[in-house]
Amino acid sequence: MLPKKSLIMANCFTILGLLIASCAPAVAPTPAPKATAPLPVATPTAPAPSRPKPAAPVPTPKPAADQPRQGGTLSVGIGADPPSLDAHREQTPYTFAITANTFNGLVKYDVHAWPEVKVVPDLATKWESSQDGKVHTFHLAKGVKFHDGSPLVAEDVKFSFDRIRDPKVGLASSPRRNQLAGVANIDTPDDYTIKVTMKNPQASFFSLIAAFYFSVMPKRLVLERRGDMTKTVVGSGPFKFKSYTTGVGYELEKNANYFVPGRPHLDGVKGYIIRDQFTRFAALRTGNILWWGPSPYMGVAQTKTIEETLSDKIAVKWEFNPAWFGVIFNVTRPPWSDVRVRQAASMTFDRKKMLAAGLEGGGVVGMSAQPPGEWSLLEEEMMKVPGYAKPDLEGAKKLLAEAGYPDGFKTEALVQATRTQQALATLFKDAVAAVGVAVDLDQQENVVYFDRRFRKAFSTLASSAGSGHTDPDILLGDFYVSDAGMNFSGYSNPYYNELYTRQSQMLDTAERRRIVWEMQRILLRDVLIAIAYWSRVPFAWWKEVRGFTPPSISHFHSYRHEEIWLVK
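Residues 125 to 692 in my numbering are what the sequence shown spells out, letter by letter.
These aren't lab readings, by the way, just hints derived from the structure by calculation.
One or more of the hints may lead you astray.
Unchecked claim - The following label-pair restraints were derived from C-beta to C-beta distances: (1) Met507 x Gly371: 44 to 52 angstroms; (2) Pro239 x Lys667: 16 to 24 angstroms; (3) Asp352 x Met507: 44 to 52 angstroms; (4) Glu504 x Asp272: 28 to 36 angstroms; (5) Phe533 x Asp575: 20 to 28 angstroms; (6) Glu504 x Ser435: 35 to 43 angstroms; (7) Val259 x Pro239: 24 to 32 angstroms; (8) Asp607 x Ala525: 31 to 39 angstroms; (9) Ser606 x Val571: 24 to 32 angstroms; (10) Leu345 x Ser435: 45 to 53 angstroms; (11) Lys477 x Lys319: 47 to 55 angstroms.
Positions of the beta carbon are idealized from the N, C-alpha and C atoms, including for glycine.
Can you build the whole structure from these sequences, using the hints too?
This is the structure:
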């Protein structure tokens with residue numbers, strides 16, 4: 125049962141008490157091959173999903189005795205403070221844990237369809253596309269209001285999309301601007317119609333904009349605040365932002381005027397920021413929090429404890445997550461500007477041991493820039509890449525000697541102050557030490573860490589990054605295209621950029637896959653990010669929490685609690 129308000133406050137102070145106790149010049153990148161280089165012929169593995177068509181969400185049938193109930197507050201726990209509350213600017217789940225509940229997009233994913241990726245209406249009640257696939261016309265629901273009472277109209281949608289794709293609009297430098305690079309123009313014929321014109325057909329367009337971070341913000345308010353939405357959250361979503369206190373938590377309250385009838389069921393959401401993994405686990409076990417926000421992830425041993433001692437009270441479910449863990453190299457700084465040095469570092473990784481230590485085995489070994497699945501390189505090809513099946517220390521030493529570092533060198537690694545990132549950084553430090561590379565770990569809290577990451581103020585970066593989808597337009601675009609918002613390595617390869625554009629516009633699945641494979645081969649050669657493993661995510665919640673469907677494509681989609689209700 126949900127604790128009384130006084131008990132919640134007491135538990136919050138108990139949790140907080142436990143927490144207290146417990147430059148050298150740039151070097152030009154390696155020249156890229158000419159754009160006319162032929163692509164290898166390969167046999168495709170599986171068909172990709174076709175572009176989704178508008179469809180009404182189909183609710184999961186419920187027994188008569190288990191109908192949703194109104195009221196109650198969901199208590200959740202997350203592991204760190206958000207760097208800011210601007211959903212267009214940030215990339216971290218610590219921001220989305222708060223904002224995903226407060227905004228709407230044009231369309232969204234149908235959570236009841238997992239693992240199928242199905243796009244359904246959100247603010248847009250319907251849409252149609254031109255025969256050539258270059259013009260998409262959306263029709264907005266009427267009468268929708270932002271939380272400040274102002275009407276939501278087509279101009280707000282246009283402004284929000286323009287703010288993401290153009291840093292000059294609304295003063296937001298969005299890490300997702302590359303995902304809208306295929307948009308040529310956005311028109312608003314009237315207050316309830318948005319016409320998006322593409323430069324070329326794009327197979328992934330609907331899947332991209334269905335992600336919750338394509339949030340619609342009120343144009344008037346953003347301009348009034350001169351683009352600063354770092355501390356203000358005003359959306360049209362199921363919950364209204366009430367408060368946020370650094371190091372303590374946040375509070376959301378029900379949007380009584382939400383345009384979806386009967387939603388949300390909850391009166392509100394109260395989130396506790398509990399940095400220590402074991403303190404947060406204790407809060408879950410005792411019922412002080414009813415839902416575990418998977419950032420950072422729960423450990424494998426902790427899930428086993430729940431399954432063995434509390435399976436009658438707490439549900440646990442694992443899902444794959446398109447999030448890699450690895451080391452980003454700043455290719456604008458020596459010695460990492462030399463591809464041989466980057467290759468050598470990657471070759472020292474014992475990826476199986478790193479996975480076992482970093483995530484307790486809760487994931488899969490990785491090296492390629494696409495997660496295992498329909499778009500990734502075949503396993504037999506991956507096995508031939510030095511460092512994938514096992515470390516190659518002799519090969520790494522030879523490369524370092526050729527690059528002028530026969531005795532190794534010293535470097536530093538920027539590290540986020542979370543358990544999983546610290547583990548990854550230590551594993552990286554130990555791996556390269558075997559070939560004489562000494563790494564000084566520079567651990568920073570979220571605000572400093574994310575700021576330095578976006579400014580590329582680091583030599584190496586122990587990092588992880590996920591996305592809302594496994595489509596190559598996201599994973600092969602955001603981190604590697606020259607001007608992409610999350611290209612933290614500073615990589616620039618015109619040939620790679622051209623391949624990215626070609627695959628994005630390719631509607632033939634087999635041909636698109638051939639291009640995607642070639643892109644992955646380039647990234648394996650150039651090693652901008654030495655990926656060690658991909659994660660799986662355990663979700664945990666008390667069984668009195670109903671209506672929660674763990675997402676099967678990314679934990680980012682678990683933070684919207686519109687359909688959750690509580691058994692009283």
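| query | Looking back at the hints listed earlier, which ones does the structure fail to meet? | reply | Hint 4 alone not satisfied by this model.
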